[in-house]
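Undergrad: This is what each chain is made of:
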Amino acid sequence: MKKIFALLALAVLPLSAMAHGPSPQKVDKSVTIKAEPAKVWAMVKDFGNMHKWHPAVASTKLEKKGDDTFRTLTLKSGGTIHEKLRSADDEAMKLRYEIVEGVLPVSDYNAFMTVKAGPNAGETTVQWVGRFYRVYKLNPPIPEGQDDETALNAVNGVFDAGLEGLKKTLEAK
Amino acid sequence: MNSKTLFAGCFIALLALSRPGLANDYAYITNQGSHDVSVIALDNNEVIATIAVGKGPVGVAVSPQIQRVFVSNVESQSISVIDSQSNVVLDEIQLSGSPVAVTVSPDGKTLYIADWYLDSVIAISTQDFKQQHKVSIGKAPAGLAISPDGKTLYVSNRDSDDIGVIDTQSMTVTSRLPAGAHPFGISISPDGRHLYAVNVYEDSVSVIELTTGQTHKIQVGTRPYCAAISPDSKTIFVTNTQDDSVSVIDATTRKVITTVDTGGFPEGIDFDMVSQRVYVASWSDDAVTVIDAGTHKVIDTIKTGQQSRAFGRFILNAQD
Chain R
761 MKKIFALLAL
771 AVLPLSAMAH
781 GPSPQKVDKS
791 VTIKAEPAKV
801 WAMVKDFGNM
811 HKWHPAVAST
821 KLEKKGDDTF
831 RTLTLKSGGT
841 IHEKLRSADD
851 EAMKLRYEIV
861 EGVLPVSDYN
871 AFMTVKAGPN
881 AGETTVQWVG
891 RFYRVYKLNP
901 PIPEGQDDET
911 ALNAVNGVFD
921 AGLEGLKKTL
931 EAK
Chain L
5 MNSKTLFAGC
15 FIALLALSRP
25 GLANDYAYIT
35 NQGSHDVSVI
45 ALDNNEVIAT
55 IAVGKGPVGV
65 AVSPQIQRVF
75 VSNVESQSIS
85 VIDSQSNVVL
95 DEIQLSGSPV
105 AVTVSPDGKT
115 LYIADWYLDS
125 VIAISTQDFK
135 QQHKVSIGKA
145 PAGLAISPDG
155 KTLYVSNRDS
165 DDIGVIDTQS
175 MTVTSRLPAG
185 AHPFGISISP
195 DGRHLYAVNV
205 YEDSVSVIEL
215 TTGQTHKIQV
225 GTRPYCAAIS
235 PDSKTIFVTN
245 TQDDSVSVID
255 ATTRKVITTV
265 DTGGFPEGID
275 FDMVSQRVYV
285 ASWSDDAVTV
295 IDAGTHKVID
305 TIKTGQQSRA
315 FGRFILNAQD
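If you're matching them up, the sequences are chains R and L in order.
Using this note's numbering, the letters of the first sequence correspond one by one to residues 761 to 933.
Using this note's numbering, the letters of the second sequence correspond one by one to residues 5 to 324.
Take these hints with a grain of salt, some might be off.
Said to hold, decoys possible - Okay, the calculated beta carbon distance ranges per label pair:
(1) Pro879(R) with Ala185(L): 41 to 51 Å
(2) Tyr893(R) with Leu94(L): 50 to 60 Å
(3) Tyr893(R) with His220(L): 43 to 53 Å
(4) Gly808(R) with Arg258(L): 34 to 44 Å
(5) Thr305(L) with Ala802(R): 26 to 36 Å
(6) Lys812(R) with Phe133(L): 54 to 64 Å
(7) Ser819(R) with Ala185(L): 34 to 44 Å
(8) Gly882(R) with Arg197(L): 52 to 62 Å
(9) Asn916(R) with Thr305(L): 21 to 31 Å
(10) Lys821(R) with His220(L): 39 to 49 Å
(11) Asp87(L) with Asn913(R): 32 to 42 Å
(12) Val863(R) with Ser140(L): 47 to 57 Å
Please keep in mind that the hints were generated in silico from the structure rather than gathered at the bench.
Note that CB positions come from ideal geometry on N, CA and C, so glycine has one too.
All chains, full assembly: derive it from the sequences and hints.
TA: What follows is the structure in structure tokens.
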């Protein structure tokens, strides 16, 4: 009987967001947009035009280096983010990219965006998933601003504002 | 506590208690984001229990000899000890560093832990957790693999790009073998002849011939993490985390035969010798992808907890 109670107690422990240690962090956000999937995908996969829908991005500069495609995002708040396109799969409607360097307080950041038919006709669901580590990867103590929470807050902010901006832009047309 | 949670808890407890011992085969999947372990029954690929463990569970090791499952909790800096017959957590071993990989000696007597804060490997008696031996190793030891005779332990030193070789009887480092950039998962072939080290930063697998020390490299997909080997030592399966795929390698020709699409960000991988299937933890899908080892086709996807990693040997066979 004791074991049952021990198990019950463990099963209902609150899941805290606090974290340390070298664990990859994840942000997974979705939005439903009143627009056809093909139209949404056309905007999502347009790697050189993120400023058209992301409210934090002032301008986007697209560059080709051999077979690789890069973009530099200049933020309205100042600073830049240099990103590499990993793939844009028209069949799966999935875009993958990674951060090469930039002002976001993260390291080893890679992300994907997928576009799928939404819950109702004429609707689309966009999912945005990022995987990254905090900036400081060594043993504690962790310097301020380089911890998991800072990294998570930053990416949550980028995704929330971005998906809202994408919805607004597409629904306005 | 709401009634739903209580009911769920009771349900899990009942399931755990009603299991008639080790009549079957199970996979123990660590879920870093939900701080628990999903137990999958391999005969029907259903999750039969979810076991709450410490924070940020990553590494896992099973021992059929002592019917235990060991889970490394990276964030709570501890090891959860699970009784595989009841699926109840019996103990939590607190450590001063931060554990990543765990493995158990073939006789079940010793648990080995790679600690990447302390740059060391710890050996703990599974009968008395207070009996511990520590040996310093390279930078950020991550993966562990033990020889089939239990005499030699291999450790991938992620940040020194090599493999530490430890004599388990004396717990001393006898040599360091060069690997590629950022070796993470390592696996030893069941015939004991080859060690496979997965080099995350150079998209390759190092093959080390343990009798001659000769090494070879095989290119795989983007940011590979872990390898599983078939029981006949002839086929190697490697997870490519940023390609959402598994590379299937012929061990004799050292060539990639095919690449199988899996769930997003595949990490831990293990081979079930009973069903001849490969189980792959998908970190971004919160799921396990099941691949038929003969046809190389995905035959099932099982929903697990959040951010499944299952780093280590996670399949427990009744008959091992």
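Undergrad: Next, verify each hint and record whether it holds.
TA: So, going through the hints one by one against the coordinates:
1. Pro879(R) with Ala185(L): 41 to 51 Å: holds, 45 Å
2. Tyr893(R) with Leu94(L): 50 to 60 Å: At roughly 32 Å between Cβ atoms, Leu94(L) and Tyr893(R) fall outside 50 to 60 Å, so the hint is violated.
3. Tyr893(R) with His220(L): 43 to 53 Å: Since Tyr893(R) and His220(L) have Cβ atoms about 31 Å apart, the given range 43 to 53 Å is violated.
4. Gly808(R) with Arg258(L): 34 to 44 Å: holds, 40 Å
5. Thr305(L) with Ala802(R): 26 to 36 Å: The hinted range 26 to 36 Å holds for Thr305(L) and Ala802(R), with Cβ atoms some 29 Å apart.
6. Lys812(R) with Phe133(L): 54 to 64 Å: holds, 58 Å
7. Ser819(R) with Ala185(L): 34 to 44 Å: holds, 35 Å
8. Gly882(R) with Arg197(L): 52 to 62 Å: With Cβ atoms ~60 Å apart, the hint holds.
9. Asn916(R) with Thr305(L): 21 to 31 Å: Cβ of Asn916(R) to Cβ of Thr305(L): about 27 Å, so the range 21 to 31 Å holds.
10. Lys821(R) with His220(L): 39 to 49 Å: The hinted range 39 to 49 Å holds for Lys821(R) and His220(L), with Cβ atoms some 42 Å apart.
11. Asp87(L) with Asn913(R): 32 to 42 Å: holds, 39 Å
12. Val863(R) with Ser140(L): 47 to 57 Å: With a Cβ separation near 38 Å, Val863(R) and Ser140(L) fall outside 47 to 57 Å, so the hint is violated.
Violated hints, listed in ascending order, are 2, 3, 12; each of the other numbered hints is respected by the structure.
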